[in-house]
Structure formats: structure tokens, C-alpha cells
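Trainee: Dock chain Z against chain F, hints included.
Residue numbers (the numbering used here), protein chains in the order written: chain F, 6 to 503; chain Z, 24 to 354.
Everything labelled a hint here was simulated from the structure, so no lab data went into it.
Here a beta-carbon is modelled for each residue, glycine too, at the ideal position from N, C-alpha and C.
Treat each hint with caution, since some may be false.
A few chain F residues that face chain Z, going by a derived Cβ cut-off under 10 angstroms, partial list only [to be verified]: (1) L312; (2) L336; (3) P344; (4) K348; (5) L355; (6) N361; (7) T365; (8) D366; (9) V370; (10) S377.
Now for the letters of each chain:
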Amino acid sequence: MTSLPGPVAELRGVTRRYPGVVALDAVDFMVKPGEVRAILGKNGAGKSTLIRLLTGAETPDGGEVHLDGEPFRESGHKRVHEAAQRGLRAVYQELSLVSSMSIAENMFLGAWPTRSGMLDHRGMEERAAQAMRRLGLHLDPRQLAGSLSPAARQMVEIARAFQGEPRLVILDEPTSSLAAAEVDHVCEAVRAIAAGGVAVLYVSHRMNEIRRLADTATVMRDGRVAATLPVAGTRTEDIVQMMLGHAETVRPTHVSKPGRILLSLRGIALPPKLHAVDLDLHAGEVLGVAGLLGSGRTELIETIMGLRTPTAGAIRVEDEIVRKPGYKAMLRRGFGYTPESRKEDGIIPLLGVDENTVLTDFARVGHGGVLSPSAIERATSGIVERLHIKAARTKTPIVTLSGGNQQKVVIGRWLHARSRILLLDEPTRGVDVEAKRQIYDIIRTLAGEGRAILFVSSEIEELHQVCDRVLVLRDGVIASEHVAPAIDAERLLAACIG
Amino acid sequence: MTALTATSSPRSLPRRSLAGHMNEFGLIAIIVFLYVVFGLVSPGFLGTNNQVNILRDAATIGIAAWAQTLVIVAGEIDISVGPMVAFTAVVMAFLMKWHVPLPLALLGGLGLGTMLGTFAGVLRAVFSVPSFVATLGLWSALRGLALFTTNALPVSFEDNETLDALGDNFLGLPISAIVMIVLFGVFVFVSRKTAFGRSVYAVGGNANAAHLCGIDVTRVRILVFAISGLMAAITAIMLLARLGSGNAGAAAGLEFDVIAAVVVGGTALSGGRGSMLGTLLGVLAITVIGDGLVLYGINSFVQDVVRGVIIVAAVLLNVAVSRGSGRRTPN
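Here chain F stands alone, though its shape is the one from the complex:
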């Protein structure tokens, strides 16, 4: 070698602030050609901000971002374009294929090859097929992206990132929607492209994948780089500890006396996401479900609610075996469900807090379909008071409330419907610290009143604050069970990442 290769990408003392929070705090970071670097960290540790700075989607408030030893020339939205031109590719968790276009057209989106002024479809298709073969993908490049399974779409996106002449490829949780065989292909492709001198940043928390393909790992915590270390020779427990940090204030864990079983699952399967899941949920109990993105958390809840039909297994509610699962039937059995995405599936933005609360059961605030304003007001203010919802008036449109208060309304609507079994999918997502604490208290109170609560969370550290028991989902099965007071974040996280 004539000279030592310089870093492909480098951050020098980069700081990025958002209103009220420092997302990155004087971070130094660099990655060399041919290196596969894993990036780990909890939600909010600064991983996404780091990526967005590299792709040019964000500009730093302080410090410099270099690609191939040179700083960005452009600013604003042109920066993303510049980064792409200089060989940066990123694949995000959210899929970004145009459904109505073919795989080949998607592969060259916006930069379609032409031949004497016309789109060169044949050339495009050949090159697309070639790029896919490298990933072990044998799809017809003329197929529409919309007709692909989520896993196939993810693979196509990865193939797109690897074609051309990339210098640095960022893969953000690329395997969360993939089955084991496809994961193998991704790993092989990553190794092959790295051998060709391309640097890869691999954001993931699945330790077995990381061990298979990454040379080094950067662990982030609270907007800083906690450590960058070689993967080989580092124990998983050490990585867990670096992700969590130390100062962990343990709140008294709750051990309530569980009542009778209200819900039980036996051998529930929903391939490829769930394989033979068993679960018992008792009255008066808060049962946590932990798991990484793609571990099947949401699918589990949706299967219980009848939104998905399992291919095998039995669901029993009290003494009744559910023969025909269906969402409405589950609501009638006393279930309540708060979805993961509050904005898309939870709130009706322009309706007031009152109507967002009572719409789960109009019959209780009226007669024969005619609503009583005073009954609505009574029902709403009761729930507003119990859940400490901060709204000027009950008629205030829900969209003007803070995330935490919106979430309380979404939970409150099932109190209005008198649900006995609550399934809460990520109820504290996008909620501030104070509101989180309030939501934990609310959940404990509701369980104390005899309700059964299933609490799904990707935030490992909140589970022990609310749950009596936690099940860890990994690769579609219950990997372990943790019972209070022996629930601690380190062991949960270690069980999640495997």
C-alpha cells in the first residue's frame, strides 16, 4: 500500500441540538474503507441524528462532517443530493419504494438510464437483475414494487443501495422485517461489498448478526459515543451495560396478587413473525412484552385483537375459546386497544377531547342514537379528572394537546367503554418524561382496579417501572420470562438482543 487509506466519513466534534434536547454532544466518529461498523444505542441515544448528519439531511450546529476527507460544500436540501453523489447510500426502516413502479424503475429512481433520449428499459432491467442476484434475489425486475412482500421490498432497497459506486452504505435495522434465510443473504452481501472497499454502517441490536458481520461496534448513549470497540472479544453484557449506563434509579417494583386468568394464548403462530407463543394474562396484572423492532410485538397484539388471523393456536378469554376472532367481537368481550401510532391510528385530530373519549361507546351517553351533551360532558370530565388530562375544555380539539395528554385520552376512551383487558402498544412513545411517569401511575391504578393490562414497549428501562411480569419476544417466540422484583433492564436487554 502506498499510503494509508483515509476515513470514508468522519464527524469532528459535531453537536446537534433540537428544541429542549441535545441530540449529539461534541461527537467524534470515523469509519474506514472496507469496515463494517455496528451502531447500537437505545431510543434517543443519537443514532438517527448521526445518520441524518452523514446523509446530509441535517446540518450540525457545531463541528464538521467530512466525506472522504472533504467537508460538505452544499447546505440545506442540496446537501442530501451532494452526499448521494459522493457515494453515500442509506436504507431506512421506513420503506421508500414507489409501489406503482417496477423494481427496475425503483432501482434507478430519478436517475433512469437513457439511450438516445428514451428510457433504456432493457439495460435498466439487466442491471437491476444483476444487482439483485448479488443478494441472492431472483425476482423479475419488471414486477411492480407494490406486489412484493415487505421482506422482498426491503431486499430490493438494499440491492439499490449496493449498486453504482457506493463509498459508504448505511443500513438502518435492515433485517427487522426479514426471515432467517434472507438475513443470511444480507449478511453475505454486506461482507462482499465491504471486501470491495465500501464502508458499511449497520444499525441493529441483534447481537448474532452483529457478531457475524461487523468488525467494530460504536455504542451510543445520551447523545455521545460511549465506546467504539472491536466486536470480537467483547461480551454482550458489556455492550448492554454501555447502552444503559449506570445511574439507574430503581423504583419500587410492583408485585400485585394476580387474579384469575382473563386471557390465555396457546401455540399462537403467525408465520413468519410468530411461532408458537404461549401467554397468560391475569386480572390485576401488568404484563410487559419486550422485544426489538421486528420481533413480533405488534403482530402479537394485533393477533389477540382479531386484526390478524393466526395459522395455529388457541385464544381463550376467561372460559370461552375464541372460535371466530374478529376485532369487534374482541371489543365486545371487554378488550381495549391503543395502537402504536397515535397519530395514524389513535386520535381523530379535529374532534374534541370529549368526542375522542366517548366514541368507543356512544350508547352510554345517549338514548336511541341521540346524544346527550350533558352526559358526554359528565363522562369526559370524569375521565379527564381521573387521568389528569390537561386540556382547557373538554371540547378542545385533541390535536392541540401534547402527546402525553393525547395518549391519556386514547387510554381513557377504553375506560369509558369499561374495558377489562387493555392492550397498550408503546403507550409512552413520543411522550415527555413527566407524562411518562403519569402514564405509568395510571396503568398501575387501572391494574389495581382489577383490569388486566398487556404493556408492549421497546423501551427496556420502563418495563420494570410498571410491570409485574415481562415476557421477552425474540424471533417470534417467548425467549424468557422475568417476574418482579427480578426484572432488570440489563437482563431484559441481553435477552432481547440475544
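Mentor: Coordinates of chain Z only, in the frame set by chain F:
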């Protein structure tokens, strides 16, 4: 205004305070402006006769517009209104021609309208055909059927005193206008005070969330189209009484006026937002524009141009006014 505390974000949103009704105030201002202008340029405009005419024309648009408001609030659209009115009117005229007793003929028409509307609703809600396409198909098919069965000629029938009375005035007001006003009351009640009405807003505001809350989204969608069909049939009866015959060409282009009235009235085409009061003012504005232009004697083709310009201008003004009021609201 102390409507909002620290918990709210600084977004501009409709509020049920003074600022929340800027849209209605804006429309009233537009209507007053139109009255002043037309009053000055066409002497007959302010006369009682013309005012009664305006009311009668308003009824033709209004009755269908109340239902269209629900349809649009639910996030859908029904463009089949004109042919629906014409076809049900033609069918009722045939029934009368064949000496079917009047009440049965009218009930038949109402049933037919409801059924056709339900059909469009089922296409949308059960088979996921976009409502624009479903009602576009209905628009074409019903128009064709009405013209085919009548050879584009009026279908006349024996004079019927009761039907004639429906076309007359009562206490100086056209019966059709009275029907429109009564139905307005019914729709205000339904949209504000019933579980069904509020479900329409919920479905239009966020259909996913409404479904997860246990609202029967399919049923709500079918019902709004069924109601739209029923209101088209009622409009057809009013038209039949007024014209004395069934005419396949009647109500041509009515869907344009109805949708324009709803949109001018501040109902969002994206669903979830809108009010009957807004639509009432929208209907008045559209009718006054039409009547005033005819009375002024403008070339009928130019009328369409002027009407189009005024409609867009009214909506633009409305958007500007409600934005301005949103900004002024303290956070």
C-alpha cells in the same frame, strides 16, 4: 381569548369561539356584498318575487347539499346527484302516467333513490371502489337510462292536485323552500347530536382510528350515500311538482352547484371538517350568484365563467380569512 393554555401547540385550528366562525362571517359578508351589487345593477333583484325565486332555486340545490355535506365530511364525494334527480323524477312520472296512486309513486321514487345511493355506498364501502368512480359510473348510467326511457322527451301525466299543491306556495313561501328549511333542521340535529352524525365526522377525520374505536365504518359509509340518494329523490319530487312532468334533462349539472355550495361553505374535501350552517350559506351564495347573473342579463355562457371565478374567489377569500384568524389566536 383564554381558550388555550400551555398544553396546546401553536397550530392554527378551527375553534368553536368567535374565531372559529370566521368562515361563516366571511360568507355572510360575501352574500351581503352580492346583494348590494346585484341590488344596484338590476332593479328587480330585491323584489319579493325574485326573493321567492331565489328561495325556490336554493331548495333545488340545498336539499341535496345537506346530504352532500355528510358525504364530504365522511371523506367521500357523490357526483351522481344531477342524473339521480332526473332519473328518479322520470320514474315517478312514468308511475303517475300509469295511474299508480300518487303516494305510492312518490314512495317508489324515494325508495329508488335510497337504493341507488345504497348501491354506490356498497361499491365504496364493501368493494373499495373510490367514491368518485362509483358515482361517476352512476352519473353516466342514470343519465343514459333517463334519456333512453324518455327519448329525451318530457313524460307528462294527468294533473294531480296534491302534486300541484307541492309546487305552490304556503304562507308566501314555496313549499320546496319550507321542505329545505325543515330538512336543514333535521340535518343540523343529525350532524351534531346523534351518534351517527358524530361517527361521520370520526370516519372522515381518521377512518383507521374510528374503526379501532369500534365504529362501523362500512355502515357509516353506506348510510351517507343512501341518505344522499334519498335527498336526490326528494329534490326530484319538488322538481316534478314544479315542472308538472318528468324530464330527463332536468337538474343537469346540479352536482356542480351542490358540491360548489358545500365547498364554498367551508367543508374540507379531505373529510372530517364542515358544518351544515356553512353549507346553508354556501347554497345561498351560489343561488344568489346564479339568480343575479340571469337577472342582469349576462350571456348565459359568460354566466358560467363569472360563476366559476366567483366560486374560486370565495373559497380563496375564505381560506385567507380563516388563516388570518388562526394566526391572531393567542397560544
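Trainee: It remains to establish, for every hint, whether it holds in the given structure.
Mentor: Going down the list of hints, with the structure as the test:
no.	hint	in the structure
1	L312	holds (9 angstroms)
2	L336	holds (5 angstroms)
3	P344	holds (6 angstroms)
4	K348	holds (9 angstroms)
5	L355	holds (5 angstroms)
6	N361	holds (9 angstroms)
7	T365	holds (5 angstroms)
8	D366	holds (8 angstroms)
9	V370	holds (9 angstroms)
10	S377	holds (9 angstroms)
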